[in-house]
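Enquirer: One-letter residues, chain by chain:
There are 4 protein chains.
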Amino acid sequence: MGMIGGGIDSFIGDVHRKASSIDGMIELVCGAFSSSEEKSKRSGKALFLPDHRCYGTFEEMILKEKELPEGERMDFIAIVTPNYMHFAPAKLALENGFHVVCDKPMTLTVKEGEILEDIVNNTELLFALTHNYPGHPMVKQARAMVANNELGKIRKVQVQYLQGWLATSIEKTGQKQAAWRVDPTKSGVGGALGDIGTHAENLVEYITGSKLKEIAADLGRFGEGRVLDDDGNILLRLENGAKGTMSFSQIATGEENNLAIKVYGEKGSLEWCQENPNQLITRWLDKPKMIYTPNGNNLHQEALVASRIPAGHPEGYLEAFANVYKNFAIHLNAKLINNDIEIPDYPTVSDGIRGVKFIHAAVESDKNNSAWTRIN
Amino acid sequence: MGMIGGGIDSFIGDVHRKASSIDGMIELVCGAFSSSEEKSKRSGKALFLPDHRCYGTFEEMILKEKELPEGERMDFIAIVTPNYMHFAPAKLALENGFHVVCDKPMTLTVKEGEILEDIVNNTELLFALTHNYPGHPMVKQARAMVANNELGKIRKVQVQYLQGWLATSIEKTGQKQAAWRVDPTKSGVGGALGDIGTHAENLVEYITGSKLKEIAADLGRFGEGRVLDDDGNILLRLENGAKGTMSFSQIATGEENNLAIKVYGEKGSLEWCQENPNQLITRWLDKPKMIYTPNGNNLHQEALVASRIPAGHPEGYLEAFANVYKNFAIHLNAKLINNDIEIPDYPTVSDGIRGVKFIHAAVESDKNNSAWTRIN
Amino acid sequence: MGMIGGGIDSFIGDVHRKASSIDGMIELVCGAFSSSEEKSKRSGKALFLPDHRCYGTFEEMILKEKELPEGERMDFIAIVTPNYMHFAPAKLALENGFHVVCDKPMTLTVKEGEILEDIVNNTELLFALTHNYPGHPMVKQARAMVANNELGKIRKVQVQYLQGWLATSIEKTGQKQAAWRVDPTKSGVGGALGDIGTHAENLVEYITGSKLKEIAADLGRFGEGRVLDDDGNILLRLENGAKGTMSFSQIATGEENNLAIKVYGEKGSLEWCQENPNQLITRWLDKPKMIYTPNGNNLHQEALVASRIPAGHPEGYLEAFANVYKNFAIHLNAKLINNDIEIPDYPTVSDGIRGVKFIHAAVESDKNNSAWTRIN
Amino acid sequence: MGMIGGGIDSFIGDVHRKASSIDGMIELVCGAFSSSEEKSKRSGKALFLPDHRCYGTFEEMILKEKELPEGERMDFIAIVTPNYMHFAPAKLALENGFHVVCDKPMTLTVKEGEILEDIVNNTELLFALTHNYPGHPMVKQARAMVANNELGKIRKVQVQYLQGWLATSIEKTGQKQAAWRVDPTKSGVGGALGDIGTHAENLVEYITGSKLKEIAADLGRFGEGRVLDDDGNILLRLENGAKGTMSFSQIATGEENNLAIKVYGEKGSLEWCQENPNQLITRWLDKPKMIYTPNGNNLHQEALVASRIPAGHPEGYLEAFANVYKNFAIHLNAKLINNDIEIPDYPTVSDGIRGVKFIHAAVESDKNNSAWTRIN
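Residue numbers (the working numbering), protein chains in the order written: chain F, 1 to 376; chain V, 1 to 376; chain U, 1 to 376; chain R, 1 to 376.
Here chain F stands alone, though its shape is the one from the complex:
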């Protein structure tokens, strides 16, 4: 693995490194950790990388690694930069035969997304998008229960993703994580919408197995002087006929990382909360509420294989994130050794394009005073 971005003091770079290493299947071998070559090399040194594999630009990394002998050069790149720096390295890597793991949202525009999709579809290259929440065992259990028709036809969905860290104007205090997220040149047309709304969108589509058909969005810009949304409320209509709501916010004072979803079917319903990820609450027409746990009783196979340790030993954010990398690595290994095994799922370029379309549809709906807007 070669990393683009993720220099010293990066939050998400460190997450990607830990998540990719937990299962002992992926090794970081090089990086272009910063647009400053000096900082890139300093970051790499702290990670015990040799100096010559710490590059000053992603172009340099991709082109130089390509010239290394097979077995020595990186197999894939992990892009952990702000949104505006996803497309160019992803495209260049794919064009030079490297597989790609990319942070979300995939690109700033739908067009860019389609370009990546085209390349991936026309090559044998793998593309993983790090929506980490589908990596949780209980989210996989939820998806399997819906797919298995245990809840019956789905009628209603509620999803929320609430944070409070932008409740005050910390972008004006030099907080770098905040600064780029409120800057449309770096974030794109969506603020909280792209940063966390896409996680909510992805989770709905992952669990229900149905796509959002149209949405009616009312975005908020509560922080003084912000041009991008920091809050949003959206009505949902799914292709399967279900209706629902999405609410996301980065100004929900006191909330930490409150992603939660409820899905209601004709026979049963389920509820999952990211802050307490080791339980899946289910409710039924004619049975008591039942709570599933990782490696606990009566799970689907998809949930079991996503758990690492015995029931009752909590797994968290990193472990779920690691499952995305692990499943990508299983796929990559299978491809490298031409093995025909069943590949566990992970988010791909298709999920990426959905997210970008969702962002643009929400922005358009909001401009039209929340008119219903199709995602396609």
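In short, the hints are calculated from the structure, not lab data. Hints should not be assumed to be uniformly reliable.
Identical chains share a label here; the pair holds if one copy fits it or two copies do between them.
Derived BS3-like pairs (lysine-lysine); straight-line CA-CA distance at most 30 Å [as the list claims (entries may be wrong)]:
1) K243 / K172
2) K267 / K243
3) K39 / K287
4) K211 / K367
5) K172 / K287
6) K357 / K39
Quick caveat, the model's predicted, so the values are computed rather than measured.
Start from chain F and add chains V, U and R according to the hints.
Expert: Same frame as chain F, but now just chains V, U and R:
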């Protein structure tokens, strides 16, 4: 108290009787418990009422009671019938000088509501609407904290009221509670909207102290053959500038009575859930999450007086319902003995008119494909 | 009902009055509310009782009521005084043919308890002890599940009753509830042991259907100058072979009324907490955790009849307390009209004698440095 | 790091490997993964280790590694074998100058423990015991709050560690994890006592900063034919004057890994549960309940440095386990480069000896019908 409706086997009639009696301030003295005189008398007998004060119609009750000597006749009526039977007895009672306690939604039409409002405003008569949820001590604490500016300016509201009891078509099985609720001639233009959506609307306005300005509603009719909504998702804009979502449903399989609200301000936020009513969760910019309890530490006076027993001894639905009756009784007593004391709050005819307008605005918005619609 | 104790400002007197009235089966007709005749009459007046039925002593009440014509005189007395004032009025009432409802612990000594037991056993008189916690629907569900062998043979029990209101020496500040509880002449040999430990003991025996065989107790007296225990930890051995722990405290700072029990059998286990009484958590060898709720799915009949309102509408302390009165009233009515119906359970004089023996065994064990001590 | 035990299919070996690698400070370089050399080599191969550093015995590993040049040879060993195989490799490693990380309980006998303690005390060698639960940020917050006297003098402790996986006799079905745990030649004199009771003991002493002075234990052997305890209830007296209870079990049907502790002081109290590790509940004399979270508001430095990711992103068992390794690695690094930095805490040989003494005291007390028995 004289009761209209609430015969044997009525759910809500029994609730009203228990709730009104807990505090020993109100006595049931007569009733028109059923449109069948025989059933009315049978119901009254089971309640130890004398036969001659069990009437066959509300008209009979109001007119005959009026002729009884003061001190003997009922002081007020409690209307616990289906929606379509609220207006007529309320109007007749008011016109004959009786105070009124009325179930929600107050009337079928805005016009009817305004007629009642006019009468109340032009007399000294009291009118209580039994939105019971504002009766909870922790809801009163929530309202007091917002009013006291502890949360700062309110930016975001999420409210939901989820039930699952209409997930199947039980109205076709002879279930009477279901049958009238799905019948527009008895329920009015709103189904779940009027039955539970109005509780959600009232709770938002009660806690935030601000009114809903406009809404964008997407109503669902999931039960086979239903003409009234049994599910709804609504975008909210409040007069104070806050935005939010409301979701209500009676087809949310497995949910029991899941009314819950979250309110986010610039400095803090709060969360309250009806199914676990004895805690108020608050979150803060710069303090840990803090949880208030009835008769617990650091409460506002409004919350303290609404608690009956020491902290840790749970109070529930009946106790909150009883607080509406209790505060109404305190007001009535003060009026009867011309006492100038501070009257604790209870929902009134103004809340009633808000609810009816909310129902009609939501229905109109839904007809216009969720166009933003003003409530006024 | 005639009440002994429970004058103005009494906590538990008010609870008894509300609890006995909720279901409309019991009417308060007289009282000896205070040892001061003036205060007794003042208390009665506030309760709308006629002056002549507000007595200055319990002796006066019992003897005068006895002379009233049947149908007019009270049917039973409710004793809501501090512990030391239970025995005498109970004995006198029974001797004069009145049924008795008595607060716990029943008497100060085992001998006194046995005297009451003898009278009750040798008459047709009813005796209810107001252990209110068995009144909860979910406690009744728990008992029914154990009785029905759904959990298999019981192996382990954990029970706790934690309060913090005596964490500081409030008895020195004039707080009357605290003052008598720390005074051995009024409380007996047990402090927290009698006040709340007996509730824990009763709950264990009620749910498991087995008796405590022997206990090893370590009592604490943490409050400065206290001679009675304000904290205790006890090892339990049950007659059915199960083992367990009990922990109770009134110096558990910050706890409100945290009574909780867990019972583990060979096939399943259950957990119930008083502060969140509307759920019964069950865990299983081979099924997910399942949570039962009042009036919810799959309940035993015993739990259903103890619920008043639909699932999801929380019932609390008062409603459970009322169930003790209600079941006592059902029994009393059946007896009065010689009706042969099934009587729902309520705690009786046998539970009372168990509690008193438990207190004395714990005190003895504690004196013997926690030696195992039989309860019999 | 060289590993003793932890071959293919080992649960805890895999945990140690993941936990030691997350922070990128420790590298597995060799192992004696199994008493079968073939299996050891096979296990090592799956871990990408060179064949010549996969040894057939721990003796071979220690002696051969010692001959490798500094910088190449392992710095320390990690012992992840069943209890009876801790002492010998630990002793040999220490005697040959290797630092040690050892699983708990440290040794079978107190004497063995003292031998290790002596060696460690007389050398510069480091010894870490993998009690992982003190690695949780919220446990460190709890300890810091007690140390900082925020709770006041500690009066009461409740600790439990409940599992249900031995509720049936799975040791007879070939389940290897169960088989050695119920075998006194492999487990020592304690069954569940040593396996999980020691974690409870360690957690009490870690958080309160006080030692258990004496205990009164009642052990259960519920599984058919078991000679070691599979359940236990213990009264606690601490050196600081506090009293308490401990309950542990591996036959608590349906429980997964329910380690939980409550500590009550004169001014406040705290509660932490392993299954929901990302919150620390605190209760107060005069403030609402307050809940701390990792990287959340108002934490002590000890808790902050133990968190890896932003608040609201749950960390779990592996991350806490990793903190033990991380802090050990920080200490080791500081020692290797002679750096004088502040070393964050981790359990050491002293904790190990406490655990072994606790096991033996509990067994002795149990033999003496739960007589109070000193731990020293």
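Enquirer: Each of the hints needs a verdict: does it hold here or not?
Expert: Hint check:
no. : hint        : in the structure
1   : K243 / K172 : between (39 Å within a copy, 24 Å between copies)
2   : K267 / K243 : within (16 Å within a copy, 33 Å between copies)
3   : K39 / K287  : neither (58 Å within a copy, 36 Å between copies)
4   : K211 / K367 : both (23 Å within a copy, 24 Å between copies)
5   : K172 / K287 : between (52 Å within a copy, 22 Å between copies)
6   : K357 / K39  : neither (35 Å within a copy, 52 Å between copies)
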